[in-house]
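Colleague: What follows is the residue order along each chain.
Protein chains: 2
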Amino acid sequence: MGEIRYPLSINQATTKVQWTLREAVEGYAKQDVHGIAVWRDKLEECGLREAARILSDNGMTVTGLCRGGMFPATDKAGLKAAIDDNLRAVDEAVAIGAQCLVLVCGGLPEGSKDIAGARAMIRDGIAATLPHARAAGMPLAIEPLHPMYAADRACINSLEQSNDICDELGAGVGLAVDVYHVWWDPYLRREIDRAAKADPGRLLAFHICDWLSPTKDMLTDRGMMGDGVIDIPDFRAMMENAGYDGYVEVEIFSTRWWNTDPDEVVATCIERHRSAC
Amino acid sequence: MGEIRYPLSINQATTKVQWTLREAVEGYAKQDVHGIAVWRDKLEECGLREAARILSDNGMTVTGLCRGGMFPATDKAGLKAAIDDNLRAVDEAVAIGAQCLVLVCGGLPEGSKDIAGARAMIRDGIAATLPHARAAGMPLAIEPLHPMYAADRACINSLEQSNDICDELGAGVGLAVDVYHVWWDPYLRREIDRAAKADPGRLLAFHICDWLSPTKDMLTDRGMMGDGVIDIPDFRAMMENAGYDGYVEVEIFSTRWWNTDPDEVVATCIERHRSAC
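Keeping their order, the protein sequence lines are chains A and B.
16 is the number of the first residue of the first sequence in the working numbering; add one for each residue after it.
16 is the number of the first residue of the second sequence in the working numbering; add one for each residue after it.
Treat the hints with care, as some may be off.
No distinction is drawn between identical chains; accordingly, a pair holds when it is met within one copy or between any pair of copies.
[To be verified] Capping the alpha-carbon separation at 20 angstroms, the derived lysine to any residue pairs in SDA-like fashion look like this:
#1 Lys31 - Lys45
#2 Lys231 - Arg271
#3 Lys231 - Thr270
#4 Lys231 - Phe268
#5 Lys45 - Ala282
#6 Lys231 - Asp167
Hint data in this document are derived by calculation from the structure and do not stem from the laboratory.
Given the structure is predicted, the values throughout are model-derived calculations rather than measurements.
From just these sequences and the hints, can you work out the full model?
Modeller: Below, the structure written as structure tokens:
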């Protein structure tokens, strides 16, 4: 702790209730945070060309575009629509110079109990998106989500599973590692090392926040770094020892922080990045 | 579906708000359910000798005693107290003729962020309990809990991890497989097969309920079989193909079902065991 190894980025979900894209960029930059991850709804609201200009004018590094994925569907038309949307997301990620397109892969289609089938659709959906992503030079970052989201958000739920998909699909797809989703994984170190040693390396993004205990809401009760039970310095050392040298991106879904003055949220992220990471 | 392969047991947590141990035994037996898993708080309330008599008089098979475990502690005295409690739990399990002592292994000690340390305490705690359990002929059943409980209930969170602990500790310790906790696991089949093929086999208990989507509460919103997204017939087939031939035990923590007439709860368990499992 104390010594800062990675530059700081803030995922705009952290201030999504308070700030538009422009406000977030200017609010982060004002406190010397020059990394941001962008959400597509905010991008659409702002307009792609204007967003690219704002990001560039403020010297922002875009550590990710959130989000592609959401592949599983009830029929072929639905799967095709999802793939088309991912192809567009690749173009948007390129337009704003994002370092990767983050994939929240999707859960069970409405009415389905076939998790193996949903996982196959995810693999097929990523495979169908990959040629365009490779041609565009835009890495796809599979973000394994906490198993409590397996039904409704993503049935890609561990680093091992994500690494297996990357093995199968080859270059152009890697991982977004979020401490919130994987901190509990008994095989964390093994799979981070495996991702790092793959050729090309797969550690595309590193997201931080904290796991509050008790957690009062499955969606909107993530913690500020230091307020929960995750040993973030140890996690960071694992990433660092594996060779990750990119940004550390704060992503907090929290009604508490959404109800806080956003300048204070940014200041707290900066302070905790120093003291608790 | 339709053909019933496993006999039905009901974990008394399913009716814990409505019924004492005597009421549960009589209530289950009245509807021809002759399997029950017993909780220690209910056992203590009833008295061990009286409980053994009630269970025997009603021809109940005790598919498990809940629960041992909860090993991690802030100091050595705490760990020793936990082990002593587990030794007593073994004796209680023997006294009521339980098929296994279910271990909910415990989460992070108060104030700790050291999940690896907590896991080591769990391994050491089980190792310290095992000689007595072996001598008493009482199998210890590690129940991997859903990763959303890693902080506060159990940081044993997957079948792979549980199998690894069993490999390390040897005979006398196996698994309680609960669909709620592990349904999301991408390596479910692999690890069930591994548990079954170990010598001696490790599939000691099979618990069912359902995962509701959305889930409104992390503790008390488990679903009745058929009301959620778990493919229970497929899961049962996996267990069966691996060679499991014991009871299927319904365990539902749910304010909805705790607020329902317990006779109706039992009737619903029986009906869903037929139609949705």
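Colleague: Would you list, in rising numerical order, the hints stated earlier that this structure does not obey?
Modeller: none
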